[in-house]
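So in my numbering, spot 115 of the sequence shown is number 147, and the numbers just go up one at a time.
Don't take each hint at face value.
List time: in silico DSS-like cross-link candidates among lysine-lysine, alpha-carbon distance up to 25 Å [what the hints assert, rightly or not]: (1) Lys136 - Lys257; (2) Lys350 - Lys136; (3) Lys243 - Lys341; (4) Lys215 - Lys350; (5) Lys243 - Lys136; (6) Lys273 - Lys330; (7) Lys136 - Lys170; (8) Lys177 - Lys208; (9) Lys243 - Lys311; (10) Lys177 - Lys311; (11) Lys273 - Lys177; (12) Lys208 - Lys339; (13) Lys170 - Lys273; (14) Lys339 - Lys350; (15) Lys215 - Lys341; (16) Lys341 - Lys311; (17) Lys330 - Lys341; (18) Lys350 - Lys208; (19) Lys208 - Lys341; (20) Lys243 - Lys170.
Quick list of the computed label-pair ranges, beta carbon to beta carbon [stated by the list, open to error]: (21) Val348 - Lys257: 18 to 24 Å; (22) Lys257 - Leu164: 24 to 30 Å; (23) Arg303 - Asn335: 42 to 48 Å; (24) Lys177 - Ala302: 43 to 49 Å; (25) Ser58 - Pro165: 30 to 36 Å; (26) Leu164 - Thr331: 37 to 43 Å; (27) Lys330 - Lys177: 40 to 46 Å; (28) Asn245 - Ile142: 38 to 44 Å.
In short, the hints are calculated from the structure, not lab data. Positions of the beta carbon are idealized from the N, C-alpha and C atoms, including for glycine.
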Amino acid sequence: MKFLTHFLLFTCVVAALNATAQTYPSRPVRIITPYPPGGGADAAARIIARALSESMHQQFVVDNKPGASGQIGTEIAARSIPDGYTLLLGSVGPNAILPASSSKVPYDAITAFSPISVIAISEYALTVHPSLPAITVKDLISLAKSRPGEIGFGSTGIAGGPHLAGELLNHLGGIKLLHVPYKGGAPVMAALLSGEVPVSFSTLPTVIPFKGNGRLRIIAVTSGKRSSFAPEIPTIAESIKGYEVTQWYGLLAPANTEVGIITVLNSEIARITSTESVKQQFAVSGAQATATTPAVFKTLIENEIIKWKSAFRSGVIKLE
């Protein structure tokens with residue numbers, strides 16, 4: 033009798049999951065992106081939203097909710113109804129670095145969300161305005177040492193990935209670039225293009241369109257190895273041993289979202305990111321389309337939090 037009860041329960045669960053798979057989504061799905069339009073996160077969100085809309089025959093709409101280095105939009109997503117119709121475009125800043133750097137973040141990066149899948153991985157690009165006489169990383173370091181605290185670098189906000197990329201360069205390079213936070217990738221690019229800030233750590237999707245036209249100079253990437261999309265650009269690690277910072281994007285749902293919905297979305301993302309069309313859309317902007325299981329994505333977030341907590345606690349990086 034006990035076996036029969038368990039079997040019937042299992043059968044009911046499977047039936048419920050199958051029903052979910054057949055009916056979801058039945059109305060438009062919102063993808064909250066915690067940064068303004070125009071930056072790397074926004075680009076990634078729009079690529080995956082467009083692909084999911086075509087694949088699942090229902091609108092996936094990007095909803096930009098910028099502010100507080102990504103905290104505002106991330107908190108909104110965390111507090112949303114877990115029905116599968118509000119998702120979050122997650123990234124290393126609000127989902128790993130901020131939780132690692134402060135206990136005051138208004139959400140738990142692990143328990144507040146149900147990971148679905150990573151969708152893309154990219155490097156940051158160390159980019160300078162042409163007016164700055166720096167062609168290489170060593171040039172920038174030499175210049176920064178002669179002008180401590182005078183050269184600013186733009187980022188998407190305090191404790192975000194670009195900020196940490198700059199602080200790690202400060203630490204390992206023995207320099208003091210001045211952090212200048214903005215509200216997203218697009219405002220950083222506007223400031224960099226105008227010369228308001230002479231240096232930035234931006235995602236490759238943001239700066240590659242300006243590569244080679246004389247308006248910006250990309251002097252290095254932050255990954256441990258050269259980017260397959262721009263192998264001619266050196267890494268910072270080639271000049272400073274041990275330097276490595278990367279960016280990732282993924283979709284998450286509010287905690288307690290039905291497993292069936294997570295499974296459906298994960299399956300679609302795996303299929304979509306393997307298509308040449310989506311690969312090319314990410315590749316053009318310097319990102320690599322990818323997919324993971326929800327468990328692997330969760331482990332990635334956990335490991336990133338551990339890594340950045342260690343950096344903060346050891347004093348390798350200090351946020352002012």
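Status of the hints after comparison with the structure:
1. Lys136 - Lys257: The given pair, whose Cα atoms are some 34 Å apart, is violated under the 25 Å limit.
2. Lys350 - Lys136: holds (16 Å)
3. Lys243 - Lys341: violated (34 Å)
4. Lys215 - Lys350: holds (20 Å)
5. Lys243 - Lys136: violated (39 Å)
6. Lys273 - Lys330: violated (29 Å)
7. Lys136 - Lys170: Violated, at roughly 37 Å.
8. Lys177 - Lys208: holds (7 Å)
9. Lys243 - Lys311: Since the Cα atoms of Lys243 and Lys311 sit roughly 20 Å apart, the hinted pair holds (cutoff 25 Å).
10. Lys177 - Lys311: violated (41 Å)
11. Lys273 - Lys177: Within the cut-off at roughly 18 Å; holds.
12. Lys208 - Lys339: holds (23 Å)
13. Lys170 - Lys273: Holds: Lys170 and Lys273 sit about 13 Å apart, inside 25 Å.
14. Lys339 - Lys350: holds (14 Å)
15. Lys215 - Lys341: holds (24 Å)
16. Lys341 - Lys311: violated (33 Å)
17. Lys330 - Lys341: holds (17 Å)
18. Lys350 - Lys208: It holds: about 12 Å lies between the C-alpha atoms, which stays within 25 Å.
19. Lys208 - Lys341: holds (22 Å)
20. Lys243 - Lys170: Holds - the C-alpha atoms of Lys170 and Lys243 are around 20 Å apart, at most 25 Å.
21. Val348 - Lys257: 18 to 24 Å: Holds, at about 21 Å.
22. Lys257 - Leu164: 24 to 30 Å: For Leu164 against Lys257, whose Cβ atoms are near 26 Å apart, the range 24 to 30 Å holds.
23. Arg303 - Asn335: 42 to 48 Å: Hint violated: Cβ distance 26 Å, outside 42 to 48 Å.
24. Lys177 - Ala302: 43 to 49 Å: This hint holds: roughly 47 Å between Cβ atoms.
25. Ser58 - Pro165: 30 to 36 Å: At roughly 58 Å between Cβ atoms, Pro165 and Ser58 fall outside 30 to 36 Å, so the hint is violated.
26. Leu164 - Thr331: 37 to 43 Å: Because 40 Å falls inside the window, the suggested range holds.
27. Lys330 - Lys177: 40 to 46 Å: holds (42 Å)
28. Asn245 - Ile142: 38 to 44 Å: This hint holds: roughly 42 Å between Cβ atoms.
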